[in-house]
Amino acid sequence: MAFHKVDYTKENGLPVVLTTVDKLVQWGRSNSLWAMSYGLACCAMEMMAAGGGRFDFDRFGTIFRASPKHSEVMIIAGTLTKKHAEFTRRLYDAMPEPKWVISMGSCANTGGMFNTYATVQGVDRVIPVDIYLPGCAPRPETLQYALMILQKKIRKETPRRKQKVKRVV
Amino acid sequence: MRRDRFKKDTTAKNYYEDRFYVAPQSPKFDVLGSKFEDDLKALDGLVLNSYVEFDQMVVFVDKNDNLKALEKLKEFGYEILSELSGVDFIHQRGGIEVFYQLLSIKHKRRARVKCFVKNGEFLQSATSLYKSANWAERELYDMMGVWIENHPNLKRILMPDDWYGHPLLKSYPLHGDEAAKWYEVDKIFGREYRDIVGEENRDSAFIDSKDTFNFSRIYHETEYGGVEPSEAYLQEYQEKGGVPFIKHATRDKFKILKKRR
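Sequence lines, in order, name chains A and B.
Okay, so the first sequence: first residue is 1 according to our numbering, each after it adds one.
Okay, so the second sequence: first residue is 1001 according to our numbering, each after it adds one.
The shape of chain B in the complex, shown without the other chains:
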């Protein structure tokens, strides 16, 4: 009989608890009094909120002030924009939190500028300050759907130009929407071939052992349209009787090397 060692625990525990592991918040410190004090002062008046987390300064600015803040930090010594992306908070707060990850080689420090872009709002492009923002902003637009103003070439970068939707949004289904399901068929053959080509098989556990075209059993391999042989057989390289001019190769004459030469 199985031991019921968990019974005691569950009754003692609170029934209502988080279903998933919630990571504890990382410790945050005040910027004033840290080595980032001068960095924060360079941003005079623009900062909504700030703290130091994992030895990096994080500042929140208004989304209209993002260029001003980046310009001031660049003047201060943050020469490199190493990363730019967003976090989907559409469900909680109705928008996307965009972050700019900055690196200062001069001061050997990293800082992060964050701003919140609501749905339907535009964000000013940082390409005039940092060259790396060009591709990163295109990716931000492609995957999250954030519109960037004054970008020199705002078009999709990872997904095809005619792709419907923005895949990194949390509301986007992992397997893609209806348009994604038929994308390659529509594009290559046209919509009228949907019935002939068929739907994608998204069920990775699906096995039809009678379907020898999409699923062939080992030692029962058949060609398309062929009947699966009832008895197991080994695929031979040569047909019976051999091939002209080529040495007759049979399985029993194979030589297996004991070690590499």
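Next comes chain A alone, as it looks inside the complex:
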């Protein structure tokens, strides 16, 4: 189509979008959140379902990765034991900045019903958490919604090289 024949008044205005670099970067970041597949217990089944065809995380640009070095979101799906806490922290430290954490389900949030000697009473004792997702176990759409809220949160952040300290631990 010739240039002069396009009626810009009908096609949503000029083919130009004005934005800031900050917004562009954060928009890009929020739509390509690669999540670390970190299933620990029953919540992992719901997480897998969210990755599967019916709920389809791929359309959010969220792809599960098996390596912390490729990931920017850690979805802690399940009960974290004290034996495992050290490795969780190590994997979190291996993830490149900026990074975010979704704590999925009651066990990850507060230890859940496992008020026992071997369970960490909330993963926020070990790593900083951005989104707490309630439920036991949460449905896949709840996880999807948590991810959408996280995207919104990321869009609001400023894309500095160094992220603000979320919590002094």
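Since the hints were made in silico from the structure, they are not lab data.
Hints are not guaranteed to be accurate.
Here are the simulated DSS-like cross-link-like pairs (lysine-lysine), alpha carbons at most 25 Å apart as the crow flies [stated by the list, open to error]:
#, chain 1, residue 1, chain 2, residue 2
1, B, K1253, A, K152
2, B, K1187, A, K99
3, B, K1240, A, K152
4, A, K153, B, K1240
5, B, K1240, A, K156
6, A, K83, B, K1181
7, A, K83, B, K1155
8, A, K83, B, K1170
9, A, K152, B, K1255
10, B, K1253, A, K156
11, B, K1247, A, K23
12, A, K69, A, K83
13, A, K152, B, K1247
Position chain B against the provided structure of chain A, taking the given hints into account.
Structure of chain B alone, referenced to chain A:
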């Protein structure tokens, strides 16, 4: 007015009775005359006590004879050691009763060998006879604190290597001891961070409605450090004005499907 129908019962009943339900003892039969007679004869001279319970033979042996007894039963046809664990009798008898649950596919029978290990005593490993004893004995050591002699790799299996105490002992607190309370903090951040991270909240009924970080009210969700809004609001996926290149999504335009497609 409330009916006092229990009053009569309590006065008629004996005041001093067991506070908890005590399960009746299961019936036990003599081994002699049962189908396990040959099994018992194979163990000649080692048995301290024996009976048949729930169609299984139970034999008590001395803890130094556990290998001999297992070897003889294995020769007789009990090829599989399906389970090995212990029962805490430290308060009553000063030790742990270890049991070996055996299965014979050849004879289609099950038998149990029991021995009593006192505190501070060693138990001979059965790994030379049964491969499955390897992990089971590690678990026995890890959870009950029974020391096993001649085990190829006696180290903790479920708990971390530096864990203090043996959690399946009846004297071990359910929520863990002082060391368990700080385990992950000490391990990851160091002892000096105890004050910053804080103690575990073990009270499941504890609710502080002013603490919006650990307890947020529904429709009043806030970010960490934020002030809880006084009026209820719905979390929207998109910020006001929408997101570039993405279709503007609002709650009133959601479509709810009547049935699955």
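Structure-based check of each hint:
A threshold of 25 Å between alpha carbons decides the hint, and for K1253 (chain B) with K152 (chain A) the separation of about 19 Å falls inside it, so the pair holds. The hinted pair formed by K1187 (chain B) and K99 (chain A) meets the criterion: a straight-line CA distance of about 23 Å does not exceed 25 Å. Proposed proximity of K1240 (chain B) and K152 (chain A) is supported: the alpha carbons are some 11 Å apart, at most 25 Å. Among the hinted pairs, K153 (chain A) with K1240 (chain B) is consistent with the structure: their alpha-carbon atoms are about 13 Å apart, no more than 25 Å.
In summary, the hint linking K1240 (chain B) to K156 (chain A) is supported, as the alpha carbons are separated by about 11 Å, within the 25 Å threshold. For the hint linking K83 (chain A) to K1181 (chain B), the alpha-carbon distance of about 13 Å falls within 25 Å, and the restraint holds. The suggested pairing of K83 (chain A) with K1155 (chain B) holds, with an alpha-carbon distance near 14 Å, which does not exceed 25 Å. Annotation: proposed proximity of K83 (chain A) to K1170 (chain B) holds, straight-line Cα distance about 22 Å (limit 25 Å).
At most 25 Å may separate the alpha-carbon atoms for a hinted pair to count; K152 (chain A) and K1255 (chain B) meet this at roughly 21 Å. Using a Cα cut-off of 25 Å, the hinted pair K1253 (chain B) and K156 (chain A) holds, with the two alpha carbons roughly 24 Å apart. With a C-alpha separation of about 17 Å, the suggested pair K1247 (chain B) and K23 (chain A) falls inside the 25 Å cut-off, and the hint holds. A distance of roughly 22 Å separates the Cα atoms of K69 (chain A) and K83 (chain A); the hinted pair therefore holds under the 25 Å criterion.
As the CA atoms of K152 (chain A) and K1247 (chain B) are separated by approximately 14 Å, the hinted pair is consistent with the 25 Å bound.
Checked against the numbered hints above, the structure violates none of them.
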